[in-house]
Amino acid sequence: MAPISAHAVLIVAAILFVLGLAGVLTRKNIIFMLISIEIMLNAAGLAFIAAGSRWQQPDGQIMYLFILAMAAAEVSVALAMVLQIHHQHKTLDVEDLRELKD
Amino acid sequence: MPILFYLSSAVAIIATIMVITRYHPIHALLYLVVSFLAIAMVFLSLGAPFAAALEVIVYAGAIMVLFIFVVMMLNLGKETAAQEKDWLRPAVWIGPGILTLVLLMEMSILLLAPPQRNVAIAVVTPRQVALSLYGEYIIAVELIGFLLTTGIVGAAHIGKQKKKSLHRFLQA
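Just so you know, the sequences run in chain order C and W. Heads up: the first sequence is residues 85 to 186, going by my numbering. Heads up: the second sequence is residues 11 to 182, going by my numbering.
Everything labelled a hint here was simulated from the structure, so no lab data went into it. All C-beta atoms, glycine included, are put in the ideal place defined by N, C-alpha and C. Accuracy of the hints is not assured; some may be wrong.
Just some of the chain C residues that point at chain W, by a computed CB distance under 7 Å [what the hints assert, rightly or not]:
id, residue
1, Val96
2, Thr110
3, Ile121
4, Ile123
5, Gln145
6, Phe150
7, Ala153
Can you build the whole structure from these sequences, using the hints too?
Shown next as C-alpha cells:
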C-alpha cells in the first residue's frame, strides 16, 4: 500500500482547527460557538490519531478516547447552561450576557 | 489507502467550511454530521478502526443528538437564521479570518520545512488499545470516570428549572 505523508494528516488537522477557531471568533450565537469548539476538539483528536499511527502505538487512540470523554462532559454541561441562559434571558447572544461585568 | 484519505479529508474540510458559514442551526448540525463521518473515514484510512467507530457512535451519534435536542427545545428557526444573517457581515468575519489564515500559514510552513515522513499503514487493533488502556493508563481511565460523573451531576444541577418559591407571608 502506498503510504500517506504524516505532514498531510497534520495539515488537515491544522486546517480543521483553524476553521473551528474562526467559527468561535466570528459567531455571536452560543450554539454556533459550541459547535466550533467541537470542531476544534475533533481536530486535536485527529492529530493524536495521526501521531499514534505514525509510531504504530495505541497511545494516540487512547488520548483520542480521553478527548472524546472530555468533549462529551463539556458539551452536556454547556448545553445545560445554554438552556438555562435561554430560560432566563430569552436570548443566545453572548454580548447580552454581561451580568458579571456590570 | 491514500486516495481514501485525501478524498475524505477534502469532504471533511468542505463540510466544516459549510458548518461555520450556515445561518440556520439545523443546517450547520447536519453538515457537522457529514464532517464527523468524513473524519471517521480518515481514521479508518490511518489504521485506527476503533477510533473511527467511536467517532461515529459518540460524536456523530450522541453529541449531535444532544445539540439537535437543544435546538428543538429552544425552538430556533427562521428568526435565528435571519438574526445570524444580520450578525455575519463581512466586517465581522474578515478580521478573524485573516488572523486565523496567518496562523494556518505559519503552521503549514513549520510542518513542511522538515523532511517528510510517511505513515506506514498498519492497523492498531482494539485489542492493543484495550490492553494499554487498562494497563498503563488505568489512573487516567479512573480520572476520566470522575470527569464524566461530575459532568452528569453538573448538567443535571444546572439544567434544573428552579421553581420560584416564596415564603408563605410573602405570597399574595
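Consistency of the hints with the structure:
Interface restraint check: valine 96 (chain C) against chain W, minimum CB-CB distance 4 Å, threshold 7 Å, status holds. Using the Cβ-Cβ criterion of 7 Å, the hint placing threonine 110 (chain C) at the interface with chain W is satisfied: the shortest such distance is roughly 4 Å. A least Cβ separation of about 11 Å between isoleucine 121 (chain C) and chain W goes past the 7 Å threshold, and the interface hint is therefore violated. With 7 Å as the threshold, the beta carbon of isoleucine 123 (chain C) comes within range of chain W, its nearest partner Cβ sitting at about 6 Å, so the hint holds.
A distance limit of 7 Å between C-beta atoms decides the matter here; for glutamine 145 (chain C) the minimum to chain W is near 5 Å, and the interface restraint holds. Nearest Cβ of chain W to the Cβ of phenylalanine 150 (chain C): about 6 Å, under the 7 Å cut. The hint holds. The interface hint given for alanine 153 (chain C) holds, since its Cβ lies 5 Å from the closest Cβ of chain W, which is under the 7 Å cut-off.
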